[in-house]
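Number of protein chains: 2
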Amino acid sequence: MPRIDFWFEFASTYSYVTAMRIARLAADAGVAVRWRPFLLGPIFKELGWNDSPFNIYPAKGRYMWRDFSRVCDEEGLPLRLPPVRFPQNGVKAARLALAGETSGWTADFTRAVFVANYAEQRDISDDETLRAILTEIDVDPDAAFEAANAAANKEALFAQVDEAKALGIFGAPTFTVGDELFWGNDRLEAALRWAKG
Amino acid sequence: MPRIDFWFEFASTYSYVTAMRIARLAADAGVAVRWRPFLLGPIFKELGWNDSPFNIYPAKGRYMWRDFSRVCDEEGLPLRLPPVRFPQNGVKAARLALAGETSGWTADFTRAVFVANYAEQRDISDDETLRAILTEIDVDPDAAFEAANAAANKEALFAQVDEAKALGIFGAPTFTVGDELFWGNDRLEAALRWAKG
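Residue numbers (this note's numbering), protein chains in the order written: chain C, 1013 to 1209; chain Y, 1013 to 1209.
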């Protein structure tokens, strides 16, 4: 079965849209998805940005929020703006999402965190929010946090960021099929076609 | 008849793709198009960029050329890379395109200039290239250059850039329907739907 890797960052707005639709589209296309949480912060820092480019460049930011609203509307996705802050710190959530790969709850957890951020104005950097989300998806919060905070898992997340950099990833969501990159929620369909050859 | 404004910059890669497909899609949708040449240089300068962001950020640039090639492939558009330089200086072409509005040759001229830049590796800042293009589309080059270089036309191009800034435009192609902005070739369909209400 062909596969695409879905690279996402929990602070990223358009990653929310992709997270909510990729399972359906990939299933229809007969393509498997590997969910790859990573962090944009270290990548942006190398580009000279200490904040989201949507904050650094106000015209781009104003446009993004408007476009994001329209896209959510078209996809029928709930949206409540503004989030508690932008960008939210997604490090803890990314560690959890990565730790969930072994037991197979990464996708469910990821969707729930994006909904918490963009549809429910909850603070996704807060342990209590994350514990509540884990409980909602029937995952034991204590065990999940223990796995997430293990040194090997933290290192695995850094390795994931390094791999993203090596692939040339500079934004989220990004899809990879081998070395082939597709950037942006609106490239999901093209990435799926590419994976099918 | 509903209308969209198509804001383009002759140096912009994705503006080539839009220029080649917008007339067909707009006709199918029953939407009129106003072709609005403008310059990104002065807008980028205000963002602190003295070059294309695709040159300033190499990872973004590498990705763009690859994605641009794939998109041209999907659209069946000829492409020969690299162009004689990137970005090419499109000021003269923009003045000509604006001057062509009165006589109605802006769209034909614009398509021919984009083809010269991205499919024929010609220097679109060169008078001889532009004169040859005008001749190809049956426009008298002397008259066209005289109209393009008239003080009022040069001022009209600056006014067009100011209008773009006031609308919040920060890239090309951009589509506007009243105050509503759509950025990027892949937003053309959404802009046409919006125009139809």
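Read the hints as simulated data drawn from the structure, not as lab findings.
Any given hint could be a false lead.
Note that the list lumps identical chains together, so a pair holds whenever it fits in one copy or between two copies.
Capping the alpha-carbon separation at 27 Å, the derived lysine-lysine pairs in BS3-like fashion look like this [stated by the list, open to error]:
| hint | residue 1 | residue 2 |
| --- | --- | --- |
| 1 | Lys-1104 | Lys-1166 |
| 2 | Lys-1072 | Lys-1177 |
| 3 | Lys-1057 | Lys-1072 |
| 4 | Lys-1208 | Lys-1104 |
| 5 | Lys-1208 | Lys-1072 |
| 6 | Lys-1208 | Lys-1057 |
| 7 | Lys-1208 | Lys-1166 |
| 8 | Lys-1057 | Lys-1166 |
| 9 | Lys-1177 | Lys-1208 |
| 10 | Lys-1177 | Lys-1104 |
A quick look at each hint next to the structure:
1. Proximity of Lys-1104 to Lys-1166 under the C-alpha cut-off of 27 Å is restricted to the intra-copy arrangement: shortest distance 10 Å within a copy versus 54 Å between copies.
2. Taking the shortest Cα distances, Lys-1072 and Lys-1177 sit within 27 Å of each other both inside one copy (24 Å) and across copies (12 Å).
3. Within a single copy, Lys-1057 and Lys-1072 get their C-alpha atoms as close as 19 Å, and across copies as close as 15 Å, so both meet the 27 Å cut-off.
4. In the homo-oligomer, the alpha carbons of Lys-1208 and Lys-1104 never lie at most 27 Å apart, since the shortest distance is 34 Å inside one protomer and 44 Å across protomers.
5. For a Cα distance limit of 27 Å, the shortest separation of Lys-1208 from Lys-1072 across copies, 25 Å, qualifies, whereas the shortest one inside one copy, 34 Å, does not.
6. In the homo-oligomer, the alpha carbons of Lys-1208 and Lys-1057 never lie at most 27 Å apart, since the shortest distance is 35 Å inside one protomer and 42 Å across protomers.
7. In this homomeric assembly, Lys-1208 and Lys-1166 never come within 27 Å of each other (Cα to Cα): the closest approach is 33 Å inside a single copy and 50 Å across copies.
8. For the homomeric pair Lys-1057 and Lys-1166, the shortest alpha-carbon distance inside one copy (19 Å) is at most 27 Å, but the shortest distance between copies (40 Å) is not.
9. In this assembly of identical chains, the alpha carbons of Lys-1177 and Lys-1208 lie at most 27 Å apart only when taken from the same copy (25 Å versus 42 Å across copies).
10. When the C-alpha separation of Lys-1177 and Lys-1104 is checked against a cutoff of 27 Å, the pair qualifies only within one copy, where the shortest distance is 20 Å, while the shortest distance between copies is 39 Å.
The structure fails to meet hints 4, 6 and 7 from the earlier list, while all remaining hints are met.
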